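A.B. asks: As a plain string of letters, each chain reads:
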Amino acid sequence: MKPEDAYNPGMDRRGRVNWYSELPPVVERLAAAWENKGYCDQAGAMPIPSHESVVRIIHHIRRILFPGYFTQTNINTDNLEYYIGQEVNILFEDLSTQIQLALRYDALNNNACCDCPAEGGEERAAAFIKKLPGIKGVLVTDIEAAMEGDPAAKSRSEVIFSYPGLLAITVYRVANELHKLGVPFIPRIMTEYAHSLTGIDIHPAATIGDSFFIDHGTGVVVGETTVIGSRVRLYQGVTIGALSLPRDAGERLRNKKRHPTIEDDVIIYSNATILGGETVIGARSVIGGNIWLTESVPPDTRVILKRPELVYSDKGRRRLQCGQTRRYKGKRYECTS
Amino acid sequence: MKPEDAYNPGMDRRGRVNWYSELPPVVERLAAAWENKGYCDQAGAMPIPSHESVVRIIHHIRRILFPGYFTQTNINTDNLEYYIGQEVNILFEDLSTQIQLALRYDALNNNACCDCPAEGGEERAAAFIKKLPGIKGVLVTDIEAAMEGDPAAKSRSEVIFSYPGLLAITVYRVANELHKLGVPFIPRIMTEYAHSLTGIDIHPAATIGDSFFIDHGTGVVVGETTVIGSRVRLYQGVTIGALSLPRDAGERLRNKKRHPTIEDDVIIYSNATILGGETVIGARSVIGGNIWLTESVPPDTRVILKRPELVYSDKGRRRLQCGQTRRYKGKRYECTS
Amino acid sequence: MKPEDAYNPGMDRRGRVNWYSELPPVVERLAAAWENKGYCDQAGAMPIPSHESVVRIIHHIRRILFPGYFTQTNINTDNLEYYIGQEVNILFEDLSTQIQLALRYDALNNNACCDCPAEGGEERAAAFIKKLPGIKGVLVTDIEAAMEGDPAAKSRSEVIFSYPGLLAITVYRVANELHKLGVPFIPRIMTEYAHSLTGIDIHPAATIGDSFFIDHGTGVVVGETTVIGSRVRLYQGVTIGALSLPRDAGERLRNKKRHPTIEDDVIIYSNATILGGETVIGARSVIGGNIWLTESVPPDTRVILKRPELVYSDKGRRRLQCGQTRRYKGKRYECTS
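Residue numbers (my numbering), protein chains in the order written: chain L, 207 to 543; chain S, 207 to 543; chain V, 207 to 543.
Accuracy of the hints is not assured; some may be wrong.
Repeated chains share a single entry, so a pair holds when one copy, or any two copies, can fit it.
[What the hints assert, rightly or not] With a straight-line Cα cutoff of 25 Å, these simulated DMTMM-like cross-link-like pairs (lysine to aspartate or glutamate) come out:
no.	residue 1	residue 2
1	LYS360	GLU325
2	LYS342	GLU293
3	LYS337	ASP416
4	LYS336	GLU258
5	LYS521	GLU325
6	LYS336	GLU325
7	LYS337	GLU228
8	LYS512	GLU501
9	LYS512	GLU234
10	LYS463	GLU329
11	LYS463	GLU299
12	LYS463	GLU350
13	LYS342	GLU228
14	LYS336	GLU234
15	LYS342	GLU234
16	LYS386	GLU228
17	LYS386	GLU501
18	LYS360	ASP506
19	LYS342	ASP416
20	LYS521	ASP506
21	LYS521	ASP300
22	LYS512	GLU325
23	LYS512	GLU228
24	LYS386	GLU258
25	LYS462	GLU234
26	LYS463	GLU501
Treat the hints as calculated values from the structure; they're not laboratory data. None of these values were measured; they are calculated from a predicted model.
Only chain L is shown next, with the shape it has when bound in the complex:
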């Protein structure tokens, strides 16, 4: 017996508890639990798309779409094309790799192929990059929509620098093109990254027209099968969602149209909820704040909540009667209900 074996396991030579001795059985259970649950697919020899790389790609694309805004590099009209050219080349390589990983990982998940295809990354990355001028054109209309819709917007630069709505829409438009190119995983990782930064949760498969403006934005949800026209404006907390889902909804409703259609020039105020795959909000309609709608609305219609009844009382919780008025600092307050 070697000397070190003479010590009580769990104690070191000075009689202190050796907490390290507790760890090995935990490690065994952790490794085993994962294997048993059929969750070990991703723990193969094959690397997977990296969250960090996807975030880096988003910021890269943003620098290409808005040159000069998100970098300290000196850019002028002489070097602009050179700058964009260099950035586009780096993007192409980075994106090709990540798409490749996502495709292989998806194939591995679906077919358990041991020798999954190692192609398709460069092709899709190139196809995506060809979409960038179009994306940029649409984003310019989104910036104009912010200038038109928000009195607090001081300049286009302020919108680009600091508006969370524009960030969320930029990421959505990028993710949507990747989604349409059949790229798995990456589009959703992108929109969830924007969601974490802005509180705006737009599914990459949603369809959204030009000149889209979201003000403030925290709590906005736009579901997977939503269709939104041109020049639509949303405020914070608006949900474009699905009707109530039964317990087993996941399986039964996958790939069905479950979310509304919002036609051109609609405005939807804060915290309104619009639900259901057959619900259509007609063009140029205005939906008031806090409204809960599960039915279609014709074009050119304003819908607001009937004035909710409020209960007024004083500090002693004595009810203030309707018709009573109070004066304060020369102002007259009606008890309106």
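With chain L fixed as given, assemble chains S and V onto it according to the hints.
C.D. replies: Relative to chain L, chains S and V alone:
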């Protein structure tokens, strides 16, 4: 008089204003203000738990719980146990240190002890690590709940990669175990980090059963003394909170049960608010969106808002009468109120 | 003809598609699109304020305001003044540079001056730093307000370490001083950074008194021309906003008072919406959750929603009648509507 004293204070030798000369009195006031206010405890020789370290620990735990998902390291069944073993050892050291700092800092805050205890970190870190296989087992049920509840979920991998609900629940389950081990500060720093990433604010002292699913999640609040059963599903904007709090609530209600109990298999739709320590939502009940509830609901009950009255008008703000129908694109729209 | 020209463009020598050959025309279109749209101002030789630097400045200011909380540096009463002094000097240099860039960039945007002024950065940075002791004094009242208002707050340290409301208020108070000093861009970048971390969107131009507490906070919006008194408390999802804005609102309403006035000691519960530039909530009033208000409320008034009518049904969707009671686990549930 030395030459440099000859210059007007606030000017440099070239007669330009020297703004640096304005800084020292500000520094004095800043240092003094802090000392006078009794807020200088943390400015002692003793280091405090580091926000950065706590964030690093969260990501470390996530890599252990979901090996292969959040790292570029090649992991395969041969090296899985070795990989987890190494990660667990690093976690143990890092977590021991931070718990130790939190315990000492808490003791310092409470007792003003000059020689606060330097023990308890390793013991609690080891106890926490022993809980990891159990946490992993519960998280597998949470992933299954997402697959079951969300038609947009394409695969378990997508849920792990990108679902904010799973991130918030993972961090809550970790923080809750640390809370139960009596670790101060760190659990709340952890859940607030998840809150900042997801908009989901779960207090680490809440009690939550297995198979928990939060969809979208922005704006969800789950209060300190909430009790939630198994297989519960929440949507964005749901508050499980306290009844209205008087001005001096902080002192009087500390450590009282102030938040509801949600029994097994309950579904609560978006933006519902459920308040009060005696409020119980019975098993298998369904709570509709936008509802404000301060009373208990029996099991197996559906509760929805009475259809709110909506006011429809046309663009000229002329009221559209009830009973009137309009046609648009072959669809018939009822004026429903 | 050189050998390389013999290859079909788009193919490499081994006959594989060369996707790189697709990139140059895209780069040209990207560069051209930007120039044509009049959006190329920022792509000048002049550097612009950097988002990264502004974030670094926020964290710097936080370390000065709360020494010891957000750094691992050992700070004690002997070195406190030295520590703050050093931090203030670094802040001064960093902030001067960024303000300078923002001023030049703003002048460039407005005047298209080719030789825009290179002054004003140091002056404003020094003026801002002189405000820091005052900001710190107000933040101490904000911390006390959190202790008073939140039963879950265990200590002042916990509030400083982990409360998102305090983070948002700190950044707002800093941004508001910079806004009052006429610094462009930077204040809004700051508050949008806090918005992204906390879900709390406070415009830097809003006016807010001492002892301000926001609990949970996700979804809170405080608009540009809002005026809030002392000792006001807000919960998650509260909007202090503008009335519905017409399509061309951006231009017509810029710089008008569009947001409410909230007097001293008001409490506004979760998800309440208060709108309009002439709306005044009188001192000491309490506004209930979920309320939608577009009119003034006198002082010392409680306003709550009339109890909404709920519809109860059983699992077979059979309506449960009013007056009916059910028993479950010894409790009696009234059907209340």
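A.B. asks: Taking the earlier hints as the rules, which of them does this structure contradict?
C.D. replies: 5, 9, 10, 11, 17, 18, 21, 22, 23 and 25
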